[in-house]
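Trainee: Residue-level listing of the chains:
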Amino acid sequence: MEQSGHLAIKNLTKVYERGQVVALKDLSFSVKKGEFLVVIGLSGSGKSTLLRCINRLIEPTSGSVSLDGVDVTSLPSSRMRRMRRGMGMVFQHFNLISRSTVLTNVLTGRLGYTPVWKSMAGWFSKADHELAMKSLERVGLEEKAYVRADELSGGQQQRVGIARALMQQPSLLLVDEPVSALDPATSNSIMQYFEEINQSDDITVLTSLHFLSLARRYGTRIIALKGGELVFDGLPSDIDDSRFKEIYGEEAEEVEVR
Amino acid sequence: MSSAGRSTKPLSQLINLLGRSLGQIQKAWEPFIVDFAIIATTWILITYTYSWFTRGPELATYFLVPWWLFLIGSVEIAVLWESFGVSLGHTLFRVRLLGADRRPPTLRQAVVYFFGWHISALPLAGLLASPPLHERWSGLRFHPLIVDSIRPRPWYRRSIGIYLMALFVVVSVAAVGVTITFQNLVRLFSDAYRVAPLWRALVNPNLAILKDSFSDLIVTIFMAVMATLFATIIAVPISFFAARNLTQGAIGRTVYTILRGIMSIFRSIEPIVWAIVFLVWVTSAHASFAGVLALWIHSIADLTKLYAERLESIDEGLMEAISATGASRFQVLRYGVVPQIVNPYISFTLYRFDINVRMATVVGLVGAGGIGGRLIAYLSGQRYANAGTVMLLIVVAVWAIDYLSSRLRSKLL
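For the protein sequence lines, the chains are V and F, in the order given. Using the numbering used here, the first residue of the first sequence is number 9, and each one after it goes up by one. Using the numbering used here, the first residue of the second sequence is number 2, and each one after it goes up by one.
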């Protein structure tokens, strides 16, 4: 593997055609294997767009993303789907099938590995079922396997989202504002799951966060976006008061979340 | 990468041009149709009231002038209104006709706009250009309406003024309405005795015809079942191409527009009209088949719209999440879309079945099979006791199915 890193992003630009909004402006950085990288910035600074450009849920306008030396941006759609299996994603609003059971939701993480005709009938292999139960055990929800997803609390739903992403056995986890819809106490416990996954499975985590206190506590490295541009790239301890105002604007004040 | 996406294929260029000019037509005609409708309605109201008082109720007429003069007059007044004044249509669609730098139109510009409109917008040809020809000639454009909050509002725009105006409109419409229909209103009560035999017969059902009527009722219900079943089979796949969020790109958008257009035409024709069409088509020897076809075609149009609207409001986050696992297009459909639509689809189908049972009786009235035919035969033969029996049967059946389907639907939601 080359020294430049596990995930390399070069000159990434995204312009939304409607209204000519520039969401990402010539962004370049790379991520090493096993890093816990936190992306911070105001709403609308391009954090979500960045994460979605990496697994191409949003098509970048120009620039390139490469994972383990494979240029992701130029892949045809069938190979892109195979590539996505290695990138798990966790969402702000959980995005679960609310009417289905927790187990079914977790099993959908295996769709990329399952033949289409089998998945149409809802058949997943025995190994997949075992893996699903193991994933649920990791997030402490094995007892809820046969409960409908919409009967769970917000924090529990997000844990199902994590279990679903784990099913992909990814090398990279893209996490989009995982705790914005949760209360502070739950937020911390969710972040601890990511920390545990990052450390024991050596899965690279790339997460956007609103709260700087959480970013400081869990991130091994922080990048900050402002208006689609990279304005900070460094260690959590490097963000002092003047840096903070640079990222969030003059009027901002830091809020602690414990 | 995306610069190559802007292809210069003649077909997509043509589709773009068509789409643009459709947009232009919509923009130019929406306010005009509103203005035209307001003027035509006012005209009819005034002339009808006037002639009702001068000539008497029997000779009251809608236009007082030949119909073509009425049409041309309404169009001209509407265009005059739009060119020289601030029309209600413009206000409704939040636009103002203004010159460069939002300057109010000069008299010359308004005159050019007025005559230009006849050459450019009326035959639609000038709307192919962007901006349309009459706007280009006069230098006037539609600008978005900006409400200036500093200037005090005129009295009729203050809340009390709006209420007074609304009250005035309601009272005058009611006054005109009552004046015109007063005699009929009296007759409604004074002639009530005429229906007495019908009421009396209704409570004295003739049980002898119950068995035959019941078998006709079964035919009617099965007409509804068949129509709903086959309409569902067709409407489910079609709905995916009639949902705005699932049809993207030039071709998808064209398919969407055509499908929605056809469906809204089909839906606007009542099943009873379809029944008459199909009775001629498949001959009245296959009366109930014609009835099924009539209900079927109307149900397809209705269900496609209901289904497609449900598809348009699905949570795209789930589709995103399923795509992110590396799922294929069909898997995204199966796990990202289907779970969100299954129950609403079933609920809509039951609801439509409900309507179809009632409609099957109605199409029967024009001879398209089932119990409706029996009812109309008894009624026209003045055999009210028999008609009453049939009506009771229909009421019971419709009520039962209505009740069952609403119970089922509430379980599904």
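Honestly, the hints are just simulated from the structure, not real lab data. Check each hint, because a few of them may be wrong.
Claimed, not checked - Just a few of them, taken from the derived set where beta-carbon distance is under 7 Å, the chain F residues facing chain V: (1) S75; (2) S314; (3) E317; (4) L319; (5) A322; (6) A325; (7) G327; (8) S329; (9) F331.
Virtual Cβ for every residue (Gly too), placed ideally from N, Cα, C.
Trainee: The structure should be examined with respect to each hint, and the outcome stated for every one.
Mentor: Structure-based check of each hint:
1. A distance limit of 7 Å between C-beta atoms decides the matter here; for S75/F the minimum to chain V is near 39 Å, and the interface restraint is violated.
2. Annotation: S314/F was flagged as interfacial toward chain V, and the flag is violated, the nearest CB pair being 14 Å apart, outside 7 Å.
3. Residue-level restraint check for E317/F is violated (minimum Cβ-Cβ distance to chain V is 9 Å; threshold 7 Å).
4. Because the smallest distance between the Cβ of L319/F and any Cβ of chain V comes to about 5 Å, under 7 Å, the interface hint for this residue holds.
5. For A322/F, the shortest C-beta to C-beta distance to chain V is roughly 4 Å, which falls under 7 Å, so the interface hint holds.
6. A distance limit of 7 Å between C-beta atoms decides the matter here; for A325/F the minimum to chain V is near 4 Å, and the interface restraint holds.
7. The interface hint given for G327/F is met, as the beta carbon of that residue sits about 3 Å from the closest beta carbon of chain V, less than 7 Å.
8. A hinted interface residue such as S329/F counts as satisfied when its beta carbon comes closer than 7 Å to some beta carbon of chain V; here the least separation is about 6 Å, so the hint holds.
9. With its C-beta approaching chain V no nearer than about 5 Å, F331/F sits inside the 7 Å limit, and its interface hint holds.
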